[in-house]
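As they're listed, the protein sequences go chains Y and D.
1 is the number of the first residue of the first sequence in my numbering; add one for each residue after it.
1 is the number of the first residue of the second sequence in my numbering; add one for each residue after it.
You may find that some hints are simply not true.
Using 25 Å as the maximum straight-line C-alpha spacing, the simulated BS3-like pairs for lysine-lysine come out as follows [as the list claims (entries may be wrong)]:
1) 82(Y) <-> 41(D)
2) 103(Y) <-> 103(D)
3) 121(D) <-> 34(Y)
4) 41(D) <-> 67(Y)
5) 30(Y) <-> 59(D)
6) 41(D) <-> 34(Y)
7) 27(Y) <-> 103(D)
8) 50(D) <-> 103(Y)
9) 59(D) <-> 121(D)
10) 103(Y) <-> 41(D)
11) 67(Y) <-> 59(D)
12) 44(Y) <-> 41(D)
13) 103(Y) <-> 121(D)
In case anyone wonders, no lab produced these hints; they're calculated from the structure.
Now for the letters of each chain:
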Amino acid sequence: MLLIFFMVSTVLKEYQGLSVILPEAEKIEKLETKRHVTYVWIAKDGTVSIDDKLMEMDNVRHIMYEKRVNDPQITVSLRADKGSNMGLITDFHQELREADALKINYSSRTEA
Amino acid sequence: MPKLTEGRRERNVEIPMASLADIAFLLLIFFLVTTTIDMDKGLGIVLPAKGEQTEVSKKNISNLLINARGQILLDEDQVALRDVEPLVRQKMAENPNLIISVKTDRRTTYQRYVDVLDELKQANANRISIANPE
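Please put together the full structure from these sequences, using the hints given.
Printed below as a string of structure tokens:
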């Protein structure tokens, strides 16, 4: 039984992403579904990675627009470093607004 | 024909089952180790659409500013992070239509922003607007 459970639930493909330290928060909610989620990493130095591909901030809108056209219910799970500044995050917000991908989730972990 | 069946019985063929438990356990341990239960949790928010501007009367807006040093200004009063929740809760009780407009400096840290959003979420403030930094 256990064996079957783990065999079924194991996901071998893991996104690598960038090395970021997620911010801490208390009132966090679970993402409703994983099917419509795109993961975006933003490191402290301003590196942006979408689905394991590094890119410039200016190109985010094109990628996100394509994704939104393919899946209108798309949610962006933003995994930004807790030390990154809001300038970067705001730029990213603007890119998302340009691409009309408006549902965003600030990925965070529970406070220890 | 009877000879054939006799012959089969005599051969007594069996698959060795002793190693089955070992294999099953090995697989179980492998999957136990490799499984990572993905914790996709965070603070959800919906950004305003581009070019979308709605006129909101001033009394329905509460401004929350965060400067580069992480200090918080709520409607012209400087407040500590832990006081944001009770104050917003109180304001929401007075005016259920209240919109909290969060504005940060470009140098504010992301952690501080998430902390403040977290406080707003705890105060059940669902109408949050993110203003662009100046």
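Cross-check of the supplied hints:
1. 82(Y) <-> 41(D): Between residue 82(Y) and residue 41(D) the Cα gap is close to 15 Å, so the pair holds against 25 Å.
2. 103(Y) <-> 103(D): Distance of about 19 Å is within 25 Å: holds.
3. 121(D) <-> 34(Y): holds (22 Å)
4. 41(D) <-> 67(Y): holds (21 Å)
5. 30(Y) <-> 59(D): With Cα atoms ~33 Å apart, residue 30(Y) and residue 59(D) exceed 25 Å; violated.
6. 41(D) <-> 34(Y): At roughly 11 Å apart (the allowed maximum being 25 Å), residue 34(Y) and residue 41(D) satisfy the hint.
7. 27(Y) <-> 103(D): holds (20 Å)
8. 50(D) <-> 103(Y): Cα-Cα ~13 Å, so holds.
9. 59(D) <-> 121(D): With a Cα-Cα distance of about 21 Å, the restraint between residue 59(D) and residue 121(D) holds, given a limit of 25 Å.
10. 103(Y) <-> 41(D): Roughly 14 Å between the alpha carbons, so the hint for residue 103(Y) and residue 41(D) holds.
11. 67(Y) <-> 59(D): Distance ~39 Å between residue 67(Y) and residue 59(D) Cα, so the pair is violated.
12. 44(Y) <-> 41(D): holds (21 Å)
13. 103(Y) <-> 121(D): holds (16 Å)
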